[in-house]
Amino acid sequence: MRFLVLASQYRVLIMLGLTLVISALVVPGYLSASTFSLGLDRAATIGLIAIGLTVLLIAGQIDLSGGAVFALAGIVSVILQREIGILPAAIVGILVGAVAGAVNGALVVGLKVNSLVLTLATMLIFRSLAHWITNSQPVTGTDIMLSLALAKTYLEMFTIRSALFIVLIVLLHAWLTRTIPGRNVFAVGSNPAAAKESGIASDRIVFLGFVFAGTLAGLAGVLQSLVTNTGSPVFGSELTVAVIAAVVVGGTRLEGGRGSALGTLGGVLTIGSLTIAMEFQSIPAYVQQVVSGLILILLVVLDRAVTTKGRAPGTRPALVRDKPITQGGKI
Amino acid sequence: MTAVADCALDMRGISKTFPGVKALSNVNFAVRFGTVHAVVGENGAGKSTLMKVLNGSYAPTSGTIRVGGNEVRMRKPADAQALGIRMVHQEINLVPDLTVAENVYLGRMPGKWTWLRKGEMIRKAAAVLKELGAAINPRERLGNLSISQQQLVEIAKAYAAQPRIIVLDEPTSSLSEHETAALFRILRKMRGEGIAIIYISHRLKEVLEIADEVTVLRDGSMIETRPIEGITAAEMIRLMVGREVSNVFPKSQAEIGASVLRVERIGDGASFRDVSFDVRAGEILGLTGLVGAGRTEVARAIFGLSRLVEGSVVVNGRKVVINSPSEAVRAGIAYVPEDRKGDGIVPAMSVRENISLPILRRLARFGRIRRSADRSLSATYVKQFSISPPDGERRINLLSGGNQQKAVIAKWLAAKPAVLILDEPTRGVDVGAKAEIHHIIGQLVADGMAVVMISSELPEILGVCDRVVVMRDGRASTPLTRAELSEERIMALATGEEAA
Amino acid sequence: MTGTTMEISGVNRTDRFTRGSRLVDALSKAGLALAILAVVLYGSFASPAFFTTGNLLNVLTSMSIVGIVVVGMTFVLVAGGLADLSVPATIACGAILSLGLQPMIGPVPAFVLAVALAGLIGLLNGMLVGYAGINPIIATLGVGTIGLGIVQAAVGGVIVYGSNTASAEFAKGRLLGIPVVVLIFLVIALIGHFVLSRSFWGRWTLATGGNYSAAEASAVPVKAVKAGAFVITALASGMSGGLLGLTLQSARPLIGSGYEFSAITAVVVGGVSIIGGFGSVPRAIAGLVFVQLLTNVMVLQGVRTPIQGFVLGILIVGAVGMDAALRKRGVA
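Chains as they are written, first to last, in our numbering: chain G, 13 to 343; chain A, 668 to 1167; chain V, 2 to 333.
So here's chain G without its partners, still in its complex pose:
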């Protein structure tokens, strides 16, 4: 038990370390700046979505529609390029993400239904919209040069996308640890009844959490489309499990109330280095899927084993109890 608790606490470091050591041993030339830069850029997509999901999970909710929003926002930003120019199109794309998040949030808070079930349905809706708009065909943008610029590495380390991810995760860290609303997110996810009784507007926090998650998924999708100069309705379908796995590796609990931005950074780096290592070894994508699935399941089971013991009284795991958070609380 003691061992499990320790393993659970330091899992980001353990897993990141293990991944790096094993990859370095197996993959020649793995530990180099260029690999790191490539890995970081690859991880940034997962990372941007993971930023939004971290906030939501801490608040005791989840969003499964992130991958679909990712595709939809990217498509919109590409299609509109011809009409209104690249930058406005990108902004509209991000706004599409925000609106999708608002739809999720409004439905979860308004209908008081389990966010897992609801975002499963909206995932289908957003994905269908993406197919609908594009007629299930990939769409291409107007400016190829832009994607080259976006793919450029600065300081031999960061692309614009990975720099943005790093900056945002640091900001998120500050927001979660040092601001009042940030702390209130933890309160809502950890003990909704206590939060409510202390006058915290948990419905509003949950709603805004969904808007935030949608916006970030939209941002990730827009960046992906700009980098590849393409928008495709099938983009992002494999991301859901990888993103949840990254966040859970980072120590954020599915039950809500616990998590950190830096942990998510570690989790994203772990999944990123793993992906790169497997790509270097030409391991097929479906095996990579198996690995992220395994990591997710093992860690969730570990979390259960650790938290069923030693859980403080008065706490109610939000997601695990299959009860929407907004209904939580004693009367």
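Hints are computed from structural coordinates only; laboratory data are not their basis. Owing to the predicted nature of the structure, the values given are computational and were not obtained by experimental measurement. Beta carbons: idealized from backbone N, C-alpha and C, even for Gly. Hints are not guaranteed to be accurate.
To be verified - With a straight-line Cα cutoff of 30 Å, these simulated BS3-like cross-link-like pairs (lysine-lysine) come out:
1. A:743 <-> G:124
2. A:986 <-> V:224
3. A:1083 <-> A:1050
4. A:986 <-> A:1083
5. A:791 <-> A:779
6. V:224 <-> G:124
7. A:986 <-> A:1050
8. A:791 <-> A:743
9. A:785 <-> A:872
10. A:1083 <-> V:173
Stated by the list, open to error - Residues of chain V clear of chain A, computed beta-carbon distances all greater than 10 Å:
11. 34
12. 132
13. 133
14. 207
15. 219
16. 221
17. 250
18. 278
Given the structure of chain G, go ahead and fit chains A and V onto it with the hints provided.
Just chains A and V now, kept in the frame of chain G:
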């Protein structure tokens, strides 16, 4: 009796009616600033309802409330908080994943715009904790604290809001003697600052030690408010109990046979330990004590709903190890839970489906439930227990509480257990149904069943049981025989006035 | 969810709900029948191709493949297991193995083995959900990803073709003018209906979903019941995948994607409660008929596939919202 000026709270003629039940009738209750006012009464006397009216959770059906001399109307807890009324609940209601300081200032953390002034918050929390004499690091994660420390944080949270009236509901239930002494120092300090303190407790010794005045509630009515000087624990018990022991619970006479269930020094490692008793065929053993004394936990552990870590359970002379309810049923033990809604009935199912649930496999042939057997089973019990309306096909949540309870008992009789454990079998049912349930229990023991009945209601325990075990703080007394039974004796054992 | 007021008042707060729910119950049953009727009427007027034997047989056949999954998914929802997202993996497992193993062990053993292995995936789901207490959606999402990856790895990510013509003809054939696949679906639906409504296991499933702790306190083996629902779903979708593979005579690893949503939509549109404790196989099949006919009419009207997915999503949100609204009325 006192000037209006120092009257912190004046509740007059408060009544609260729920459909079918009068929870409070015409209660007058006044508390002065700078005093500790204790509220005592049996379980269900109306203490918690009165406090819920006071903190805005319930609107009273009639009556007026004055706070600091002004008449007020409170619709939600926030209204009460705005008036300077703070509650410290018996159950800890804090956020385990935040720090102590954040919990103390939950919902009103200091800051500029959204930026949290962490240093200021920690300093202020540390000051409050120090003032209360609690050696707790304000940066510590709350979930890492012991329960008693969390209780102190709960008090610090209320105190930091600079309340005018503070309500403490059984604040010492999770505190050691040493911690209780510390709490009393805190309360005296708050009293010195002019705060009105309402102190709800079952522990009469503590009431005598800390309170200035005491109000006794019984059956939803205010019985008496008195200064603490000149009142004794025995007198408080008399006022709390205070009814004629009438013969509403006729004791049925049954032949008492051999021991059916014997538990020896059982414990679950948390809420009870070293509990021993036995119950014989044809006997009703009462298990009583205050809420939280560990009665329900004992029953659930015997029935396999939670785990025993020590001791042994013997049924009909055979030692049994029970890890799940189905093993308990096989061993001949049945259990009617306390929380009928939560653990007793499956609301969307019919009476028939509920009754046959534990023995479905026996009713089935090749997996298919034999319809005729299913129907005749429920028809038998619907008739025998005169469940009303006499229709087994009716959804069980359409029935009254008493009839639901009869169906839950019937569910277990079909399994033909050797011993039946009933947890608060008559709570929340009307007088008629209560008598019927007692009659049913009487029939069962007459047929040679052994019954363990958990109840908080002393007249019921006195009227129905052959022997009574009183629990306090997870320990059980030696069984009292009928000759030794009295309400005062049980209350004394339950509150710790008399050593077990 | 019920408050302390319940205990104090001692009266039944749910009277209003249950009385109301009877009306709603009747309405939702009749409502679904009316909706199906409306779709049929609209379809026959709007498209001459709709009310033809060929088209209806087509609908029936494609409905049957999803329908087998729907029967299993009904158990998951009724038991309070939310949903099983590993269906694409179990369908792929059934399809790929029942074709891929044919040359080695013959068509019938291949089919049986394929279904059994799919059942194993279900067992893993069941252990995680029923015994380890993991949230069903997360657990089945993870297990599905793993299962699908393994199946793909096993065949190297390519398409598998059938090699046994006799089995193909059987699967595509007709008996008394009715497609064999439809007959198999009807048999499975009847068995599912019998188990859920007449057997002790079905009663246990309803009780577990209706009130987990009361069922546990009534000596119902709740963990096994919950796990069993996932095993049943996996067996059903393994079988569905096998039949799909045999009829198509080819199987891609992603052959089953989308089936999980079709099945969930059918079940919730049929009025089976998303939080468990209420529902039946006929209801779920009525939901399936409605959804399939609606899709068919849309196809005949030239509505593109994505819009159909869009409509499915809206239907799930609507059904879940309605379920939540009913529940709220019941509890508050």
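Results of checking the hints against the structure:
A distance of roughly 21 Å separates the Cα atoms of residue 743 of chain A and residue 124 of chain G; the hinted pair therefore holds under the 30 Å criterion. This hinted pair checks out: residue 986 of chain A and residue 224 of chain V have alpha carbons roughly 26 Å apart, not beyond 30 Å. Under the criterion of a C-alpha separation no larger than 30 Å, the hint pairing residue 1083 of chain A with residue 1050 of chain A is consistent with the structure, at around 18 Å. At roughly 19 Å between alpha-carbon atoms, residue 986 of chain A and residue 1083 of chain A fall within 30 Å of each other, so this suggested pair holds.
A C-alpha spacing of about 16 Å is found between residue 791 of chain A and residue 779 of chain A, which places the hinted pair at or below 30 Å, so the restraint holds. In summary, the hint linking residue 224 of chain V to residue 124 of chain G is supported, as the alpha carbons are separated by about 27 Å, within the 30 Å threshold. At most 30 Å may separate the alpha-carbon atoms for a hinted pair to count; residue 986 of chain A and residue 1050 of chain A exceed this at roughly 36 Å. Using a Cα cut-off of 30 Å, the hinted pair residue 791 of chain A and residue 743 of chain A holds, with the two alpha carbons roughly 28 Å apart.
Taking the CA atoms of residue 785 of chain A and residue 872 of chain A, the gap is near 41 Å; set against the 30 Å cutoff, the hint is violated. A distance of roughly 54 Å separates the Cα atoms of residue 1083 of chain A and residue 173 of chain V; the hinted pair therefore is violated under the 30 Å criterion. Even its closest Cβ contact with chain A, about 22 Å, leaves residue 34 of chain V beyond 10 Å, as expected for a residue assigned away from the interface. Taking the minimum C-beta to C-beta distance to chain A, about 13 Å, the non-interface status of residue 132 of chain V holds against the 10 Å cut.
Look at residue 133 of chain V: its CB is around 17 Å from the nearest CB on chain A, clear of 10 Å, so calling it non-interface holds up. Look at residue 207 of chain V: its CB is around 7 Å from the nearest CB on chain A, not clear of 10 Å, so calling it non-interface is violated. The beta carbon of residue 219 of chain V sits about 4 Å from the closest Cβ of chain A, which is not more than 10 Å, so the claim that it is off the interface is violated. Not every C-beta of chain A lies more than 10 Å from that of residue 221 of chain V, the closest at about 6 Å, which undercuts listing it as non-interface.
Look at residue 250 of chain V: its CB is around 36 Å from the nearest CB on chain A, clear of 10 Å, so calling it non-interface holds up. For residue 278 of chain V, the requirement that its beta carbon stay farther than 10 Å from each beta carbon of chain A is not met, with the minimum near 5 Å.
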